[in-house]
Structures are given as structure tokens and as C-alpha cells.
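S.K.: Line by line, the protein sequences give chains V and G. With my numbering applied, the first sequence corresponds to residues 1 to 323, in that order. With my numbering applied, the second sequence corresponds to residues 1001 to 1304, in that order.
Check the hints yourself; a few may be wrong.
Stated by the list, open to error - Estimated spans, in silico, between C-beta atoms of each pair: (1) N159/V <-> Q1095/G: 51 to 57 Å; (2) L41/V <-> S1282/G: 46 to 52 Å; (3) R153/V <-> T1266/G: 53 to 59 Å; (4) L1286/G <-> F96/V: 31 to 37 Å; (5) T1266/G <-> E252/V: 20 to 26 Å.
Stated by the list, open to error - In silico SDA-like pairs for lysine to any residue, Cα to Cα no more than 25 Å straight-line: (6) K1036/G <-> L311/V; (7) K1185/G <-> E210/V; (8) K1127/G <-> L297/V; (9) K1291/G <-> A47/V; (10) K1298/G <-> E1166/G.
Unchecked claim - Covered stretches of chain V, going by a simulated chain G footprint (3 or more residues, C-beta under 8 Å): (11) 70-76; (12) 238-245.
Just so you know, the hints here were simulated from the structure itself, not pulled from any lab data. The structure presented is a predicted model; accordingly, all values stated were derived computationally and were not measured. The beta carbon of each residue, even a glycine, is placed where N, CA and C say it ideally should be.
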Amino acid sequence: MSTATGRTAGLVDRLYATFDSPRRQMLLMVAIVVVMAVLPLVMGRYATTIMTNALLYVVLALGLNIVVGYAGLLDLGYAAFFAVGAYSIGILTVQFDWNFWLAIPPALVAACLAGVIIGGPTLRLRSDYLAIVTLGFGEIVRFSARNLEITGRASGLSNIPEPSFFGYVINSYVDFYYVFLLLAVMAVIASHRLYHSRLGRAWLYVRHDEDAAEAMGINRVRVKLAAYVTGSVFGAIGGIFFSVNLGAISPESFSFEQSVLILMAVILGGMGKIPGVILGAFIIILGPELLRELGELRLLLFAVVMLLIMLLRPSGIWPERRH
Amino acid sequence: MPAFETFLQAIVNGLVLGSFYALIALGYTMIFGVIKLLNFAHGDVYMVGAFVGFGVLSLISGVVGAGWFGLGIAILVSMIAVGCLGVIIQRVAYQPMLSAPRLSILITALAVSLVLQNSALSLTDGKYTAFRTDLGFGGFEFGRLFISHQAVVLVAIAGLLMIALELFVSRTMYGRAMRAVSIDKDMCRLLGINVSRVVAITFLIGSGLAAAAGTMAGAYYGSIWYFMGFLIGLKAFTAAVIGGIGSITGAMLGGLILGLLESFGTLVPFIGSEWKDVFTFSILILVLVFKPTGLLGKSEVERM
């Protein structure tokens, strides 16, 4: 029994190793993008919408991966950044009649500010305190959205106008599929570049040994803050396009469950590993679709799987190699 | 209602709420003391406690009725059963993770919380369950001030449990061992203390107190559902932090302070009931940022 599992694990590891070579990984990525680009031509409307959602989660999970996977900070309120992006667009386009593209820079600035506001004073805290503060912050954002006039209270904002791009109105489900595919590809490239950058190595160092990192001249608070702000920008970009895709947003889209779902995608796939996180995002979205007949039980199944993964394979399905 | 009576009423409401917070905060603080883990699942243990208490009361109400006697038995059974559940959680999920990085054990705790929540969700279809009792609606009236018998008895039960805990921790062998383990686990092992058993007892007591709070809150507010532990868990954690995490007296104090703060907060025009939760979380963040050791906690360096 144990040798059998040992052999499968060896096989799986060899399979991963095959795709761990940078050139093969590049080829695989290009192949996946080409397949994804062709998919809407053969898929129906429902399947395309689901895939669009999965691509949104790829962007969000890659953003959270920077915070949790790269910098090792547990963020339980990531949906707040997602909400800041979505609500900034909603408020500016619906309440103030701004053009969508003009509203993007302020939305990104708002997300950076949110990252600094929550990160600045709290990043010095112990890791578990930080987790609970981010959770509290996420709930504060959601409660504020539910209570404020400008965010449309509990019913949220609706009739968010569809953006047009040089006269072409982005409005069909296929258009949005390609928008999110583009965003996901950009998020992958950005994550990859960050991972191999000086900042990426600083994150790695801080994650493994904060004090040693500091002794080597890394400013840990600044490096962690950079992770926070980068993650919040990814989240906000997801939120910005989420709001125009749906055309309506409400506080319940940004609940604690949303944060947990994104976190699950990161953990299932493998913290810190880009292909792993992408895999995780697809499992999170497509899994429940495939298990539809299970109803409420599928959430329980997910939770049990998450627990088992933490106990048996704590670094995820497709773990990170660089240690 | 005249201002003075409103004030007194707020104190009464705050005490009831505060004793629930305190009972849950005790579990957070004790578990944190012995294994330095923020047990995210603790709020959901409270929820399970409410459901077990409800189940027991429904089973026995035909024989002993759903009055105080029945509720007492329900609280007791729920405390024992959920205390054991706490030990199982610790043994299955946390014990193997103790040497793992802190991030992993936090995520494991979160996963346990989701397993408990979604089990309850699947069993109840996500609906509210009415928690019916025959405790009556009597109470003491002082002018326009009304204090229900329920409130008095529940606060008294909570008080008794806290006194019992205080005696256990300060007078018994295991209580002393618990305090020792929270100071230096390795030294305790060298001195022949069965650390693993002490940790199990801590989970047993912490989870049992949460279960008592869950059953009492269910009876007091009249309904229970699978998500009831999330917000109160977060708030009880806030209470533990206000009092100073790791300090048992601090958790009791923090719970009462938070209950009173919240109950007075709803009287302030700018906060009201809509902003009540934002108010609580702001307190949490402010305390963590400016005084992370809380009122009675000891400062501690994060060890590697």
C-alpha cells in the first residue's frame, strides 16, 4: 500500500518536474492560452460564462498569492480589495457619470490607499493578529458598503454602463471572456516577473526568516507593504472588470466566504507557485459546477479537502520548488 | 424612556451580551496560552454547542420539560459532548501541525472552521432553527426598567462557570500545569508534566465553555443557525485581545467591557445598530495596533 502510494507520488513528482523546466512551462502556457482563446468558439453561453468566472479567479488568486504565497502574510479579508475596485468603478460611473477608462486610475489609487491604510499600522503585528485584523477590515468594508448612501446600501449599485473601446462596446459574454483572458495572461506575466525580481527574492527571504532578512538590510515593513499594495492592485483590477461584467454589485459579493474561496484557490494549488495557483482557481470554480448535484454538500466536501490537503500535502497540489 | 433608565437598560443588555463574549473569549485565550494558536474554529465550536444543546433539549423536553431543569441538562450535555469534540479537533487537526510553519496551522484552523460550518449548513439547509424553551417571560420591573429572569439566570450561570474555572486554574494540579505549559512547554516536559494531556484538557474546557455559551445564547435569543459563530467568534476574539490574550481574568474583563461598549454604542446616534459591528472591529484594530498586549496581557517576543 505504502509503496504503491510512494510510486504514484514519485510519478506525479516526475510529471511536475517535467513541467518545472522553464522552457517547457513556457510552451505549456502558450498552448493553454491558445486553447483558451479558441474555446468560446466551441463552448455554449453557459460554459463560457463559467470560464470567464474562472479567469477572474485566476487574477484574484494570483493577487492573493503575492500576499500569502510570496510574502507569507495570511490575509483573510482579500475580498475588501476586490470590493474597493468594484465599488470605485460603480460609484464613479453610476453616481458621477464618469467614463469607465477614466475611472480606472482613481480605482487603482483607492486600492493602493486601502492597502497602505490596512497594511501600514498592522504589518508589525504577529502573523495571527494580522490575519484577524485583515478579517476585521474585510468586514468593515462590507458593512460600510451596506450602510452608506453612496454605495447604494444593501441593494448595491446597478446599471453600471458597459465600457466601449475606441467605439466598440464591450458587452457580449464572449467579449468579456476575452477581456478576462487578457487580464489573466497579464496577471501571470506580472506574477512571474515579480517572482524573479529583487523584490520577489526579498519576499522569499522575509517569509522564511524575518529577522535574518532584516539583519541583511531588507526593510521588512516596506517589503511587506509592497506585497500588500501589489496584491490589492490585482484584486482591484479583478473588481473593476467584475463590476462592468455583471453591471451590478452588492455588498454580499464581497463577503468573508469570497475571501475564503480565493484563499482556498491559492492553498489548493500550491502557495507561491503560479501554475499551481491557476490550477487552484480552476478547481474552485469548475469543481462546484461538476459537483452540482451534491448541492450544499459540495461546500463541505471542499472544506474537508482543504483540511486534508493541509494535513497530508501542506504545500498544495503543485507545490513550489524554491525553498 | 428617561435617560437614566435607558442607561441602566444598556448596562443589563451589555452584561448579558458580555457574559456570552467572556465565555467564548476564555476558550480563545486558554488555547492561545498553551499552544500559541489562534483557534479560528472556536466560534464554530460555539455554534455546534448551540445545536447540540438544542438537540438534547428537544430529546428530553418530553420527559423533563423545556424549563430551567431541562435547559440545565442540555447545557451540561452540550458542554461535555462539545468539549470532547474540541479534544478530537486538537488531536486530529492541530497536533500534527504544531511543528509546521505558523501559516499552515492558521490555515488548518480555518479549514476546521469551514468543515464545522458547512456540516451544520448541510444538516440544516442553511435555515434558522427556532430554539423553543418554556423559561417564561417573567422578570423584575423597576419603573420602566425591565430585567428578565432569563437574563439574571444566564448571567449567573456564566458567572458560576467563570468562578469554577478560576478555581480550577488557580487551585488544582492541572490548573497549575496549564499555567506552567503556557509559560514554557519544553521545561514542563523536562519536569515530567504530561504536556499533551494538559493541552487536551485545555481544549476540553475551552470548547465546553463555548458550548455552554452557545446553548445559553440559543435559548436567550430564540434561534440558531450555522453561521451564528462567525461574527460572535470574531467579537469574542476582540474581547480576548482587549483583556490581553493569554490572560484568563483578562478574557472575562474584556468580554464584559466589549458587551457594555457595544450596548452603549447602539445608544450613540452616529453609531446606532447599523454601525455596531464596524465599531467593534475598529476597537479590535485600534487595540491590536496601539496596545497589542491588551489590559492584562504580558508582552511577549515572537519566538522562532
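S.K.: Decide, hint by hint, whether the structure agrees.
M.R.: A quick look at each hint next to the structure:
{"no.": "1", "hint": "N159/V <-> Q1095/G: 51 to 57 Å", "verdict": "holds (53 Å)"}
{"no.": "2", "hint": "L41/V <-> S1282/G: 46 to 52 Å", "verdict": "holds (51 Å)"}
{"no.": "3", "hint": "R153/V <-> T1266/G: 53 to 59 Å", "verdict": "violated (19 Å)"}
{"no.": "4", "hint": "L1286/G <-> F96/V: 31 to 37 Å", "verdict": "holds (32 Å)"}
{"no.": "5", "hint": "T1266/G <-> E252/V: 20 to 26 Å", "verdict": "holds (23 Å)"}
{"no.": "6", "hint": "K1036/G <-> L311/V", "verdict": "holds (19 Å)"}
{"no.": "7", "hint": "K1185/G <-> E210/V", "verdict": "holds (24 Å)"}
{"no.": "8", "hint": "K1127/G <-> L297/V", "verdict": "holds (15 Å)"}
{"no.": "9", "hint": "K1291/G <-> A47/V", "verdict": "violated (51 Å)"}
{"no.": "10", "hint": "K1298/G <-> E1166/G", "verdict": "holds (18 Å)"}
{"no.": "11", "hint": "70-76", "verdict": "holds (count 3)"}
{"no.": "12", "hint": "238-245", "verdict": "violated (count 0)"}
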